[in-house]
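Residue numbers (my numbering), protein chains in the order written: chain A, -17 to 290; chain B, -17 to 290.
Derived from the structure by calculation, the hints contain no laboratory data. Some hints could be false.
Because identical chains share one entry, a pair is satisfied inside a single copy or across any pair of copies.
Simulated pairs of lysine-lysine, DSS-like, Cα-Cα distance not exceeding 27 angstroms [what the hints assert, rightly or not]:
id : residue 1 : residue 2
1  : -11       : 72
2  : 132       : -15
3  : 22        : 72
4  : 69        : 22
5  : -11       : 257
6  : 164       : 25
So the chains spell out like this:
Number of protein chains: 2
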Amino acid sequence: MEKLIRKIIELQNPTVVGLDPTLDYIPAHIKEEAFAEHGKTLKGAAEAYLRYNMEIIDAICDVVPAVKPQCAFYELLGWRGVKCLAKTIKYAHKRGMYVITDGKRGDIGSTMQAYANAHLGEMAIGEESFIPFGADALTVNGYLGTDGIKPLLDVMQGNPDKGIFVLAKTSNPSSGELQDEKIGTDTVYDRMGDLCEKWGAENIGKYGYSQVGAVVGATYPEQLRELRARLSHTFFLVPGYGAQGGGGRDVAGAFDQNGLGGIVNSSRAVLTAWKKKGGDGRDFAKAAYEEAVRMRDDILSYIPQIKG
Amino acid sequence: MEKLIRKIIELQNPTVVGLDPTLDYIPAHIKEEAFAEHGKTLKGAAEAYLRYNMEIIDAICDVVPAVKPQCAFYELLGWRGVKCLAKTIKYAHKRGMYVITDGKRGDIGSTMQAYANAHLGEMAIGEESFIPFGADALTVNGYLGTDGIKPLLDVMQGNPDKGIFVLAKTSNPSSGELQDEKIGTDTVYDRMGDLCEKWGAENIGKYGYSQVGAVVGATYPEQLRELRARLSHTFFLVPGYGAQGGGGRDVAGAFDQNGLGGIVNSSRAVLTAWKKKGGDGRDFAKAAYEEAVRMRDDILSYIPQIKG
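Given these sequences and hints, build the entire structure.
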């Protein structure tokens, strides 16, 4: 988590761009080239995703601290898509970006250990170690309790730059069905938040935040503010800005008096910014850059100055 | 789900074998061959996993209705492992088995739609459609509410053989931290179970069960019995038998008066049965078969005769 916060301070930008490609988001010239070379197949689509991601990364890497590839969109292309995910992570690292893999993984024991090593750690074969995906952070689902989180803490041990974000209050309309239910005077998401504080308690970093963050949606500004007050050492990943309806004012509650404590994600609005320009999409990377800057400025106008 | 239940009746066996390979489970002769051909690398390991899985499938496919590959162990080998997962699913289908991909995926909207199509459906590129993974069923996490389940119901629509299993009461020691918390007089897992009933209500099949199943651990026999009574249309996937401590007596509560309503998983005990024999593991597939049969007989001795 430390590296993410350092980058946020350095770039004065508490946002992350979600790399959630679909064929519909990718301009025709990229798809045509990829399909011509690799066929109108899963392989061709994966190639188009990769070129698209690389150009987006090139365009935003000097102003945006992090990217968040969403596993689902890569898995939709089968193993070729997952190969594209691995290459995307590698390329983002090459351009200096922090990478949050959005997998919402959640399991127990040796299974969770496998996920932890797959996404944040290494796989040992004989004397050699290999890095399967090598992200900096992973989103996880804490429904299974401590058994599902402990293996992640073990893998992150001694590496303060790694982090996880546990789902607490998600941004979707039906998130309340379970998450808002009352346990005594608390809600389910309060309790999940409390677990995040507990899981992170032993590794609180220089900026006051632990390696265990929480996902709290921009679409529930009140709950965001309430959880910020309740969970003083938990860094928030805030989805739901832009296409899902949240704005700068809505996410302000995620931040502390130093302008830290949250990173706001936008995917669709950045990735499809070129479509609003009415052209053929050859300027998609520039359009993404402009939307990323607009989003940053919107959010900065509502929060205290960022200082470490 | 219908095909799974048909196969359980046909084979008179309500069990599933978890295909959760690790290098430690695989006998030396398979690893040596794979490493010699493909190097002591992620690729070599993935090749060893595949050969191992295929031999296990060959050994059990005439007596066991289903396999359950756990995504985490494949992701640990990067995209090459995920390619092995896809090949394993294909091979299990070739041998007539029902495949439950254990991914515990959970997300919302277009993201969950991508997971649903990735694991249970198709990906359209132009006029052609491709099958990314093609499992019959997927385990999912319902923490995000209906928004996370609706896309799965859409993909399963019109295909009664497909199914999902939503985490309700998991088998691990700390599952109670959130799942046992009280919402009024119910627990969180009760409420999750109720949601399963609701999600499945519109597609109840010939055997009285919907396409929306639940994961309920063998390690909590009382809760298993209680949920069986409460959730009359919800088929249970029951992990925790064998290595995690549950026995035939413990899982009996998952079944109805027709011996239906549940499928019990064992992974480690089957996969590592050869180690108890003290040999070099060349008989690993036969040992797996024997343990699968022992498990079947153990469970059958505690439940009503299976009839459709």
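### Query
With identical chains treated as interchangeable, where does the CA-CA distance between residue -11 and residue 257 reach 27 angstroms or less: within a copy, between copies, both, or neither?
For residue -11 and residue 257, neither the intra-copy (30 angstroms) nor the inter-copy (49 angstroms) Cα distance is at most 27 angstroms.
#### Entry: Homomeric proximity label, residue 132 with residue -15: Cα distance no greater than 27 angstroms
Intra 22 angstroms, inter 37 angstroms, cutoff 27 angstroms: intra-copy only.
### Task
Check residue 22 against residue 72 for me: Cα-Cα at most 27 angstroms, and say if that holds within a copy, between copies, both or neither.
So residue 22 and residue 72 pass the 27 angstroms test inside a copy (25 angstroms) and across (22 angstroms) alike.
### Message
Please sort residue 69 with residue 22 into within, between, both or neither, judging by C-alpha distance up to 27 angstroms.
### Response
both (20 angstroms within a copy, 21 angstroms between copies)
### Message
Reference check for the pair residue -11 and residue 72, CA-CA at most 27 angstroms: within, between, both, or neither?
### Response
within (18 angstroms within a copy, 44 angstroms between copies)
#### Entry: Intra/inter-copy verdict for residue 164 and residue 25 if alpha-carbon distance must be at most 27 angstroms
neither (47 angstroms within a copy, 48 angstroms between copies)
Of the hints listed earlier, those the structure fails to meet are numbers 5, 6, in rising order.
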